[in-house]
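One-letter residues, chain by chain:
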Amino acid sequence: MLRRPLLLAGLVLTTALSLVAILSLFWTPFSPAKMQIASRLKSPLEYGLLGTDQFGRDVASLLMAGAWNSLSTAAAAVAIGASIGTLVGLTVAARGGWRSAVVMRGCDIIFAIPPILSAMMLAAFLGAGQFTAIIAIAVFMVPVFARLTLGAATQIWTLPYVSAAIGMGRAEWRITLVHVLPNIAGQIIVQVTIQLGLAILTEAGLSFLGLGMAPPAPSWGRMLADAQTYVGQAPWLALLPGLAIFLSVLGFSLLGDGLRDHLDRRS
Amino acid sequence: MTDLVARRFAGLILTLVVVSVFIFTVMDLLPGDPASIMLGTSASPDTLAALQRELGLDRPLPLRYVEWLGGVLQGDLGVSYTYGVPVAGLIGERLAVTLPLASMAILVSLVIAIPLGVQAARNHHRSVDLAVSLFSYAGIAVPSFWFGLLLIMLFATGLGWFPAGGFPGWSDGYATAFQALLLPALALALPQAAVLTRVTRSAILDVLAEDYIRTARAKGLSERAAVWRHALPASLVPIVTVLGLQFTFLVAGAVLVENVFNLPGLGRLAFQSLSQRDVIVMQDVVLFFAALVIIVNFLVDILYLVIDPRMRVASR
Numbered sequence: 001m002l003r004r005p006l007l008l009a010g011l012v013l014t015t016a017l018s019l020v021a022i023l024s025l026f027w028t029p030f031s032p033a034k035m036q037i038a039s040r041l042k043s044p045l046e047y048g049l050l051g052t053d054q055f056g057r058d059v060a061s062l063l064m065a066g067a068w069n070s071l072s073t074a075a076a077a078v079a080i081g082a083s084i085g086t087l088v089g090l091t092v093a094a095r096g097g098w099r100s101a102v103v104m105r106g107c108d109i110i111f112a113i114p115p116i117l118s119a120m121m122l123a124a125f126l127g128a129g130q131f132t133a134i135i136a137i138a139v140f141m142v143p144v145f146a147r148l149t150l151g152a153a154t155q156i157w158t159l160p161y162v163s164a165a166i167g168m169g170r171a172e173w174r175i176t177l178v179h180v181l182p183n184i185a186g187q188i189i190v191q192v193t194i195q196l197g198l199a200i201l202t203e204a205g206l207s208f209l210g211l212g213m214a215p216p217a218p219s220w221g222r223m224l225a226d227a228q229t230y231v232g233q234a235p236w237l238a239l240l241p242g243l244a245i246f247l248s249v250l251g252f253s254l255l256g257d258g259l260r261d262h263l264d265r266r267s
Numbered sequence: 268m269t270d271l272v273a274r275r276f277a278g279l280i281l282t283l284v285v286v287s288v289f290i291f292t293v294m295d296l297l298p299g300d301p302a303s304i305m306l307g308t309s310a311s312p313d314t315l316a317a318l319q320r321e322l323g324l325d326r327p328l329p330l331r332y333v334e335w336l337g338g339v340l341q342g343d344l345g346v347s348y349t350y351g352v353p354v355a356g357l358i359g360e361r362l363a364v365t366l367p368l369a370s371m372a373i374l375v376s377l378v379i380a381i382p383l384g385v386q387a388a389r390n391h392h393r394s395v396d397l398a399v400s401l402f403s404y405a406g407i408a409v410p411s412f413w414f415g416l417l418l419i420m421l422f423a424t425g426l427g428w429f430p431a432g433g434f435p436g437w438s439d440g441y442a443t444a445f446q447a448l449l450l451p452a453l454a455l456a457l458p459q460a461a462v463l464t465r466v467t468r469s470a471i472l473d474v475l476a477e478d479y480i481r482t483a484r485a486k487g488l489s490e491r492a493a494v495w496r497h498a499l500p501a502s503l504v505p506i507v508t509v510l511g512l513q514f515t516f517l518v519a520g521a522v523l524v525e526n527v528f529n530l531p532g533l534g535r536l537a538f539q540s541l542s543q544r545d546v547i548v549m550q551d552v553v554l555f556f557a558a559l560v561i562i563v564n565f566l567v568d569i570l571y572l573v574i575d576p577r578m579r580v581a582s583r
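Each protein sequence line maps, in turn, to chains A and B. Read in order, the letters of the first sequence are residues 1 to 267 in our numbering. Read in order, the letters of the second sequence are residues 268 to 583 in our numbering.
Any given hint could be a false lead.
What the hints assert, rightly or not - To be clear about the criterion: a stretch of chain A counts as covered by chain B if any three or more of its residues have a C-beta under 8 Å from a C-beta of chain B, and this derived list gives those stretches:
1. 34 to 45
2. 108 to 114
3. 205 to 212
4. 228 to 239
Derived from the structure by calculation, the hints contain no laboratory data. Even for Gly, the Cβ is constructed at its ideal location relative to N, Cα and C.
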């Protein structure tokens, strides 16, 4: 582990993020919703650890609560997208034939509509909020996992021992569960890790545009959007949430790449 | 080759039709219809019915789709509810900002990525390589809208070298227009540059490990010539591929960056149409963006055939 500093860094960053997110459910230095107009726009260390925002709310507490909101949205979206995508990929790989061409084309189409745009369409009809954000991100994740699983699983299906299992009359679903899925699980886990980072990035973009969690629930993206007005007076409001997004995304992508190297070297 | 291009083109048309049907159907399946969204909750039933008739919402979906498609083929995308002008003109106007912005971003990202990728590959496993790899990790993780905000803080409000946002239009001369687009293009380019740096580096490393490069080196080819004359041209295929695949992220980034810099582009139009509940504009812009992504990927497919003659045989 120590010989892989990038993997270690990724592990430290993502663990820290998860711990802070969970901690925020039980404890934050101040209540993230508590406004104190008297002590608004105080700089870091002048009030609390990281200062206050335009309503006098404690920035450290807002960032902590934002960590949970960001991570839970990303995790829900990736869980939904990865499950559906993997299921589609596995099913189509087992059947083969024209189905895979149809799925690939379908993936191209979904991939052409980035989550920001699908979130806008959804928001017009369903209203903005965490649900809309999760669905928009999850829809975009489906083709990512469907393509990955379809490609990897199709390869496994051509291996001799799978042919042997087919010859022995094993059912498709059994071969999929016993032979295919365990062999591609590593790749799926790596992709889940990387996509968690990208989902956090997308969620931040959505809430920056007001398409994420509804106020007053704190979110890093909206903190940045609000900070635009106070760039001159309170630069820390624009720096800190961005740094939090940056470190979280960095952590997941380092962890994902590190895991991939680890798996590659083992095989 | 013409045969291949024709077949790809047929595929493109089919995909575009499916995308439009998809978006049309999804918008129809979602609860609420455009007329009630545009008018809000306070509208009287009569007004609502009148707008529904005006928008043709009282007729069945397939009929509306065919009519809409017929309009699109004649350049008619419908009329914006808030602006009261044809959507096609609106998109064209906004495109005059977004297209130069995206082109500048692609250009900047290539100018950053290719030299960095080449240097990293030439110094494989040395400190330059590590530094470049750290840059690309960081570049991918930085949210473009935050980077834009940092650029504004540093170069606009801080040093005052560039405007903090807004767009003077092209009539005021190219210099001021480019000045207004430079920071946003930089913000949009950073994540792209990070991804492309990685691709360039690994593509060049792959080529440098090929037998023909070893043979050429044994015959006295210099390191510089090996990289620039052999490895880089051969790496163009993966670079162009990734550039095409990244286009959907460029579109998403443009929506965000245009909002940070207050640029009257297509991304901002999409966002404004949402807050103004102008569903027709939104539907058209989303379709336009999706079509753009699909067409760019089609062009990348065609470009392969031009760049790499081997593909003409392989994809037959």
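Right, here's what the structure says about each hint:
no.	hint	verdict
1	34 to 45	violated (count 0)
2	108 to 114	holds (count 6)
3	205 to 212	holds (count 3)
4	228 to 239	holds (count 6)
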